[in-house]
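J.: Below are the chains, spelled out letter by letter.
2 protein chains.
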Amino acid sequence: MSPRAGAPAEDGQGFVRVRGAREHNLKNVDVDIPRNAFVVFTGISGSGKSSLAFGTLFAEAQRRYLDSIAPYARRLVDQAGIPQVDAVEGMPPAVALQQQRGTPMARSSVGSVSTVSNLLRLLFSRAGHYPAGQPMLFAEDFSPNTPQGACPQCHGLGRVYDVTERSAVPDDSLSIRQRAVAAWPGAWQGQNLRDILTTLGHDVDKPWRDLPQRTRDWILFTDEQPTVPVYAGFDRDEVRAAVKAKMAPSYMGTFTGVRRHVLHTFANSPSAAMRKRVAPYMVSAPCSLCAGRRLKPEALAVRFAGHDIAALGAMPLADLAQCLAPAGQGHPATASTHRGAHRPAPANPRHAGADDVLRTPDDSQEKVLAAQRLAGEILARLQTLQSLGLGYLSLDRATPSLSAGELQRLRLATQIGSKLFGVVYVLDEPSAGLHPADGVALHEALGRLKAAGNTLFVVEHDVATMRAADWLVDVGPAAGSQGGEVLYSGPPAGLAGVARSQTRPYLFPDPAHVPAPRQVRAPRAWLRLRDLRHHNLDGVDADLPVGCLSVVTGVSGSGKSSLVSQGLLELARRHLHLPAEPEEDGAAAEGEDTAQAALPPVQGRIDEGMAHVARVVQVDQKPIGRTPRSNLATYTGLFDAVRKLFAATPQARRRRFDAGRFSFNVAKGRCATCAGEGFVSVELLFLPSVYAPCPDCQGKRYNAATLEVTWEGLTIADVLDLTVDAACARFAEEPAVLRPLEVLRDIGLGYLRLGQPATELSGGEAQRIKLATELHRPQNGGTLYVLDEPTTGLHPADVDRLLAQLDKLVAAGNTVVAVEHDMRVAAAADWLIDMGPGAGPQGGRIVAAGPPQQVARQRGSATAPYLAQALRPDAKA
Amino acid sequence: MSPRAGAPAEDGQGFVRVRGAREHNLKNVDVDIPRNAFVVFTGISGSGKSSLAFGTLFAEAQRRYLDSIAPYARRLVDQAGIPQVDAVEGMPPAVALQQQRGTPMARSSVGSVSTVSNLLRLLFSRAGHYPAGQPMLFAEDFSPNTPQGACPQCHGLGRVYDVTERSAVPDDSLSIRQRAVAAWPGAWQGQNLRDILTTLGHDVDKPWRDLPQRTRDWILFTDEQPTVPVYAGFDRDEVRAAVKAKMAPSYMGTFTGVRRHVLHTFANSPSAAMRKRVAPYMVSAPCSLCAGRRLKPEALAVRFAGHDIAALGAMPLADLAQCLAPAGQGHPATASTHRGAHRPAPANPRHAGADDVLRTPDDSQEKVLAAQRLAGEILARLQTLQSLGLGYLSLDRATPSLSAGELQRLRLATQIGSKLFGVVYVLDEPSAGLHPADGVALHEALGRLKAAGNTLFVVEHDVATMRAADWLVDVGPAAGSQGGEVLYSGPPAGLAGVARSQTRPYLFPDPAHVPAPRQVRAPRAWLRLRDLRHHNLDGVDADLPVGCLSVVTGVSGSGKSSLVSQGLLELARRHLHLPAEPEEDGAAAEGEDTAQAALPPVQGRIDEGMAHVARVVQVDQKPIGRTPRSNLATYTGLFDAVRKLFAATPQARRRRFDAGRFSFNVAKGRCATCAGEGFVSVELLFLPSVYAPCPDCQGKRYNAATLEVTWEGLTIADVLDLTVDAACARFAEEPAVLRPLEVLRDIGLGYLRLGQPATELSGGEAQRIKLATELHRPQNGGTLYVLDEPTTGLHPADVDRLLAQLDKLVAAGNTVVAVEHDMRVAAAADWLIDMGPGAGPQGGRIVAAGPPQQVARQRGSATAPYLAQALRPDAKA
Ligand SMILES: Nc1ncnc2c1ncn2[C@@H]1O[C@H](COP(=O)(O)OP(=O)(O)O)[C@@H](O)[C@H]1O
Ligand SMILES: Nc1ncnc2c1ncn2[C@@H]1O[C@H](COP(=O)(O)OP(=O)(O)O)[C@@H](O)[C@H]1O
Ligand SMILES: Nc1ncnc2c1ncn2[C@@H]1O[C@H](COP(=O)(O)OP(=O)(O)O)[C@@H](O)[C@H]1O
Ligand SMILES: Nc1ncnc2c1ncn2[C@@H]1O[C@H](COP(=O)(O)OP(=O)(O)O)[C@@H](O)[C@H]1O
Ligand SMILES: [Zn+2]
Ligand SMILES: [Zn+2]
Ligand SMILES: [Zn+2]
Ligand SMILES: [Zn+2]
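Chains A and B supply the protein sequences, listed in that same order. Its first residue numbered 1, the first sequence is counted upward by one per residue in full-length UniProt numbering. Its first residue numbered 1, the second sequence is counted upward by one per residue in full-length UniProt numbering.
Hints should not be assumed to be uniformly reliable.
You can't tell identical chains apart in this list, so a pair holds if it fits in one copy or across any two.
What the hints assert, rightly or not - Under the rule of at most 27 angstroms between Cα atoms (straight-line distance), these lysine-lysine pairs were calculated in the DSS-like manner: (1) Lys27 / Lys419; (2) Lys367 / Lys27; (3) Lys450 / Lys808; (4) Lys419 / Lys808; (5) Lys622 / Lys450; (6) Lys244 / Lys450; (7) Lys450 / Lys668.
In short, the hints are calculated from the structure, not lab data. These numbers were taken from a predicted model, which means no experiment stands behind them.
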């Protein structure tokens with residue numbers, strides 16, 4: 001252990017002091033970390049970096065601050081409990097910029113997150129060009145999310161929803177009694193509507209299509225809501241007789257037309273289930289008034305630099321910056337591009353009471369100055385966004401369509417404009433998804449946050465970032481129970497002396513250690529992609545070797561994912577007559593953004609090579625399941641083998657317990673109280689329901705009889721509690737269980753528990769589990785594996801292990817294509833494709849293709865210099 | 001202007017820099033304020049202190065931080081918009097400890113806010129004395145708010161709710177058809193239940209009381225839910241015939257008993273309106289299982305220091321501290337007080353899986369150490385609470401029953417234990433409700449927060465606090481538009497040179513200025529209170545002079561409010577046959593705390609003097625209204641006179657507009673779109689509803705025809721927009737309007753707008769408005785005014801004005817009794833009563849009574865030395 005490790009700072013001034021941290025695998029850690037510094041937390045996957053930086057420091061800071069300002073708000077922001085730590089002192093409030101798992105904020109966009117949209121609306125309000133006679137508008141008038149600005153026809157959605165006869169009556173051969181009107185509610189309320197129609201004299205037993213069109217239209221589209229006597233169970237004639245006889249009706253019923261019912265329920269029902277029920281009965285189309293631009297006509301009539309605000313929102317940020325540049329320099333840009341429409345703004349605006357509207361009678365000096373100031377602020381923010389490699393995004397791009405890395409950098413750029421002072425920013429691998437060429441800008445951005453009076457705690461695997469840090473905290477030495485110690489805490493140079501550190505060899509490579517030069521494999525055949533069109537790819541041709549490891553590189557936004565994760569994947573699937581990208585399992589449909597239009601399909605073809613591909617597998621970072629019922633053991637299938645072992649014990653046989661008995665998803669063996677969940681939700685008078693460990697099984701998930709059975713002294717619940725590493729030892733004699741376990745361990749997941757719920761896994765962990773599942777399949781070649789940045793979240797030491805696994809897949813005759821920024825992975829490829837040269841419209845082309853050694857010499861490639869460095873035999877990083 | 005005022009700090013290091021602050025009345029203020037300092041913001045009421053400290057600095061800090069961590073959370077924490085300010089730099093995240101307006105957090109208690117309850121539960125869990133054989137419990141098992149700990153009979157409410165025949169059937173002469181079962185739902189569902197009873201063969205037309213008891217009990221209390229055929233509209237015989245004839249029923253209906261319906265609706269309905277509807281049909285009683293202690297029997301069986309946890313929660317904190325002191329010193333306190341019950345805890349606790357339970361086989365050294373550590377932590381917190389004058393509270397005291405000052409100090413004490421670092425605490429008059437003797441402890445507490453690495457921004461009127469500050473920011477010179485400048489920003493001593501400051505004369509009294517000695521009034525008669533019992537008053541006798549100003553002093557918790565605001569007030573009301581304290585208007589009933597038991601009435605009598613009292617008026621800090629429809633002008637009645645002026649204009653007479661036309665609460669004159677609210681709520685597809693200024697009247701509240709009428713060039717909407725000061729000038733010739741306006745101005749409210757909604761007023765402003773309303777009434781003596789700390793929120797200069805107004809009331813023959821901590825008010829009284837000597841059980845007695853000069857000489861009175869100082873002729877403070 002280094003002399004600095006865990007040693008308290010001389011006087012505690014200027015340091016955050018942690019004492020006795022025991023969160024997750026941390027071993028009673030004491031460490032002092034400087035404030036107002038750029039601190040990087042290092043260590044292999046599972047060593048405990050996040051447990052220290054996020055689980056302890058951030059969680060404790062957040063908890064303290066939120067408890068202080070509004071205890072009830074904490075629950076909404078963060079559900080984490082109280083970290084296991086004796087003391088944390090000198091820790092200011094913290095802001096986490098984390099790779100988000102789960103749903104990002106619904107309805108947010110690049111413009112709203114970056115606050116550029118607000119400024120742009122102010123710019124249009126105060127310095128836009130208004131048509132003659134049109135009163136000036138408020139900033140809110142330019143937002144489709146306000147009642148003031150929204151297009152009155154589509155309420156700012158850009159699409160209109162309606163009910164048609166076809167959408168509401170899917171099968172017109174049915175009668176009303178047979179529920180022809182499928183969009184109507186069932187049960188009670190449906191019966192009520194039918195009885196009302198009977199009273200109104202309509203035939204509810206005739207096929208729908210045989211009813212007069214006038215009747216059908218009235219039932220579907222009327223806004224009338226007549227209230228009539230209802231004689232429950234009577235037919236038309238009986239009702240007529242009963243009315244004549246002045247018989248008392250069962251009750252008075254009120255009719256509601258189908259369109260009214262559907263639209264009203266969809267817009268107003270507090271029940272998500274109700275809204276979901278009626279949604280399929282609506283059709284949608286682009287709004288005819290705003291043409292999908294979501295704003296009211298008066299707002300769309302206002303222009304700046306020749307464009308309406310919707311058009312500026314749809315431009316790549318780089319183009320937007322060019323558009324606003326003249327105004328930012330004080331030129332009346334609007335006039336030059338819009339000479340014809342140039343008119344003085346009205347002297348007496350309608351909203352006379354508002355400060356918000358500049359009351360200048362014309363394009364005066366004041367207006368030019370306002371434009372300059374606002375455009376200047378926008379340009380400053382755009383500059384930051386561009387420098388972080390996000391210039392290819394547009395303001396109206398919805399955040400859920402961004403990658404985790406893009407979203408984190410967007411939030412980072414926003415923070416630089418936020419003027420926060422004296423906080424600790426805690427970041428999770430900000431280099432993820434970033435090309436090495438963009439790393440310098442990232443470090444500059446972090447430096448600006450520090451210069452503004454803040455502290456940076458960054459969990460990072462990127463060696464260049466470690467070198468840029470003021471201070472390193474290295475956690476290790478290994479993962480899970482073999483980690484959890486702070487091996488070093490001090491300036492980067494000092495790590496050179498810490499022998500136990502797995503980070504050290506990558507930061508200080510040993511010049512004596514010369515790796516054997518890699519032998520590039522000869523392709524068995526070529527996959528020839530032709531005329532690919534998608535996003536910024538405009539007719540790209542690409543060749544990929546079959547039976548090899550191909551890596552696609554390029555700056556962020558250059559089109560790597562469009563080429564590989566979307567293009568190659570979708571075209572290959574089409575060839576194999578597989579359905580396109582399977583639908584997200586309901587999560588998207590549940591969200592608020594149901595109005596989002598579907599993406600257009602990929603265009604292009606694969607001319608050659610698909611004869612060698614029998615199967616296509618995408619190994620991505622999406623969760624392996626969305627409920628705690630899915631976990632590592634069930635997903636990888638190894639739990640099946642474990643359950644068979646339990647069923648084969650004499651105890652189980654005597655009790656006639658089969659393998660199904662040992663599944664917590666099957667009734668007979670699981671705890672009845674919690675149905676195998678391990679916890680119960682408890683409803684209390686006056687209180688929101690709470691989750692509590694199941695009182696019967698205490699979280700074990702199984703019933704007592706099941707838990708009586710043991711295999712080698714372990715209950716089935718005990719097995720789920722083992723880590724992969726521990727399980728390797730316990731199941732050493734059981735090849736069916738051991739094989740998948742070993743693959744998991746070899747891929748760096750030894751620290752995970754077998755029962756670790758899917759919901760607790762990171763994207764990188766999910767990706768590696770999927771990979772492991774593939775690796776322990778019987779390999780007969782012919783599979784095309786598509787990976788997107790598989791090294792995300794991996795320490796260089798873990799990357800080495802991952803590479804060995806990918807090599808195994810290729811050795812078995814498969815084809816592997818990966819998008820990747822890690823130059824050590826690129827250097828290890830058989831074939832490289834470098835996209836670029838820039839991002840968005842400036843990218844989308846293949847800048848270089850060939851074996852790594854060749855690409856490294858390519859001029860004009862942003863990747864070449866970094867690749868060349870990685871290929872130098874003495875460079876481990 | 002002082003040379004330091006607004007001057008930028010030399011280098012900006014260590015300072016918060018504010019540029020161009022324009023919130024409310026602030027006049028484009030530039031000011032630099034040091035961090036890591038104790039800064040006090042001074043200035044008369046309405047000068048703009050809060051607009052700077054809270055409205056600008058706190059709001060901006062809060063907004064930035066919350067926007068950074070979770071934009072959606074901001075809306076929940078704080079609805080304030082973006083402050084009007086050009087730049088705020090170097091401002092760390094902030095925590096506000098404000099005098100809370102509106103509802104404090106429901107269901108919170110002194111124990112939960114201070115976090116002492118959590119620690120106490122841990123103490124009981126790990127170091128409590130368990131009965132023989134009882135397994136150890138988790139901390140949550142000791143909380144009535146968890147399913148684990150709650151009494152199973154009352155679900156932790158302490159009371160049980162039930163439905164009785166009397167509560168459900170208020171009038172048993174009605175038949176079921178006549179809605180005898182009032183607790184049942186109406187409409188549809190009620191008719192359904194009636195029809196089901198018909199099918200079941202019951203007579204729904206007989207008076208309820210004539211039904212057999214068995215039938216009635218079944219209808220009321222059954223848990224059965226039979227589903228039967230319903231023939232809507234049929235009577236019993238018809239149903240019988242129909243069933244026989246196998247006629248198809250209208251539908252199948254399911255019965256639900258009355259108790260089941262009521263309890264289920266109350267516990268589970270998501271609709272507040274539904275819960276409210278059924279609430280009156282329930283009766284409640286203390287729970288027989290837990291005797292109101294809310295915990296399950298196993299938890300109540302565990303003891304520490306001889307008490308169960310509910311008993312410790314009910315003790316004054318000072319007593320609790322005594323109780324835990326031995327354990328805090330490492331003595332096994334439990335053993336000594338509980339020798340008999342002393343038994344080893346079981347070696348094999350039920351919750352074996354939990355770290356939470358200490359698995360020691362007996363009262364071992366570990367257990368004593370755990371007790372010592374936990375008791376030590378509790379004692380540290382209790383010590384802080386006691387030093388802030390809160391030792392008389394108990395842990396189970398609900399926070400809504402605390403005064404604003406008590407709540408603020410409770411939160412302050414909690415903050416000292418919160419370990420926050422690097423934040424700015426923004427406090428609002430922390431000395432409110434605090435006796436001068438407690439001030440030293442307050443300053444110490446603030447000093448501890450600062451020493452822990454934080455900054456303190458305190459809005460304060462208390463001169464002793466100003467003296468204790470490192471830095472003063474004096475805002476002024478006067479209120480509203482006459483204020484809003486920073487007159488001085490620097491160390492306190494420098495304010496001596498700032499001539500325009502209204503704070504200066506109180507901080508640096510002019511020895512040359514000797515006020516005339518006050519003439520004490522002779523009482524016309526005495527109000528003789530006898531044998532008063534309430535809270536800590538245990539048979540107190542008190543005499544108060546009629547026609548005089550009496551002031552009651554004493555440390556916080558000594559019993560001042562119990563004597564005056566509750567005792568005197570309630571007894572006097574009883575004498576005049578007035579109802580007791582009118583019910584809070586629904587706010588309490590709406591909250592979560594409906595389970596709270598009502599307070600017992602005051603005991604005692606007034607033997608003499610009530611013959612001189614014809615009327616009792618309480619002038620307290622409760623809001624003057626809970627909706628924006630109530631405002632300053634309507635509450636004081638001056639708006640009536642204004643409306644008459646408008647109705648008398650020729651324009652109005654020509655149009656036949658009467659005074660009612662000019663009320664925004666009457667349909668004819670107000671804007672129809674917003675019904676006179678000035679804003680409308682807009683519902684949008686997918687979005688929560690939003691409030692927007694009314695598009696028709698733009699917030700003016702009136703319709704166009706009404707606004708055509710002007711009086712002296714002002715529309716009625718313009719009048720509502722005037723400040724009191726401005727209105728005094730405009731209505732100088734109109735005595736009916738001018739008189740109330742002048743009183744408002746004289747009492748220091750000149751800065752308020754006439755239309756200022758009730759919901760925007762502080763407690764102190766509400767109190768002064770009530771006082772003003774009384775002052776401009778025709779005075780004929782005989783009124784008893786009861787005031788509780790009327791100087792809260794008042795600058796010393798405003799206190800002088802208030803005193804003048806109180807003198808006027810007394811001069812008119814009225815009796816004024818005020819609870820007060822301000823020694824200048826005490827010194828100005830005709831009669832003083834000093835309560836004490838301590839708080840809670842240590843108080844409740846009259847320590848001294850007499851004219852101020854006499855009380856100032858009383859030994860053993862905590863008030864005497866401070867009073868003596870205020871009586872020295874050269875002391876303005
Ligand atoms: N939510 C959790 N619950 C239980 N164990 C966890 C949880 N998160 C992480 N761990 C465990 O803590 C250890 C350290 O994990 P982590 O701090 O995420 O490592 P790193 O950030 O270095 O990859 C691992 O053994 C991991 O399985
Ligand atoms: N869902 C999407 N909607 C619209 N444009 C997209 C979407 N995804 C990517 N793009 C655009 O396509 C271009 C290439 O992006 P992408 O293939 O993701 O690049 P890379 O993978 O190299 O970062 C960029 O201009 C990007 O903005
Ligand atoms: N919510 C508000 N809306 C409009 N005006 C306000 C509001 N709050 C305060 N003001 C006005 O701002 C001025 C300064 O008030 P404030 O900052 O509360 O003064 P102080 O704290 O010094 O008593 C006063 O004229 C007051 O009426
Ligand atoms: N609503 C209440 N419920 C229970 N105890 C109370 C309540 N109000 C006051 N007390 C108790 O009565 C005693 C006197 O309090 P109070 O009359 O408010 O003192 P003061 O007005 O001097 O601060 C204190 O011990 C206090 O805890
Ligand atoms: Zn539209
Ligand atoms: Zn269970
Ligand atoms: Zn009970
Ligand atoms: Zn209106």
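J.: Does each hint hold? Answer for all of them.
T.: Comparing the hints with the structure gives:
1. Taking the shortest alpha-carbon separations for Lys27 and Lys419, only the inter-copy value of 23 angstroms comes in at or below 27 angstroms, while the best intra-copy value is 37 angstroms.
2. In the homo-oligomer, the alpha carbons of Lys367 and Lys27 lie at most 27 angstroms apart only across protomers (24 angstroms), although the nearest pairing inside one protomer, at 62 angstroms, exceeds that limit.
3. Taking CA atoms no more than 27 angstroms apart as the test, Lys450 paired with Lys808 passes in neither setting, with 44 angstroms inside one copy and 61 angstroms between copies.
4. Taking the shortest alpha-carbon separations for Lys419 and Lys808, neither the intra-copy value of 50 angstroms nor the inter-copy value of 53 angstroms comes in at or below 27 angstroms.
5. Neither within a single protomer nor between protomers do Lys622 and Lys450 lie at most 27 angstroms apart by alpha-carbon distance, with minima of 33 angstroms and 47 angstroms respectively.
6. Taking the shortest alpha-carbon separations for Lys244 and Lys450, neither the intra-copy value of 86 angstroms nor the inter-copy value of 87 angstroms comes in at or below 27 angstroms.
7. For the homomeric pair Lys450 and Lys668, neither the shortest alpha-carbon distance inside one copy (58 angstroms) nor that between copies (61 angstroms) is at most 27 angstroms.
When each numbered hint is compared with the structure, violations occur for hints 3, 4, 5, 6 and 7.
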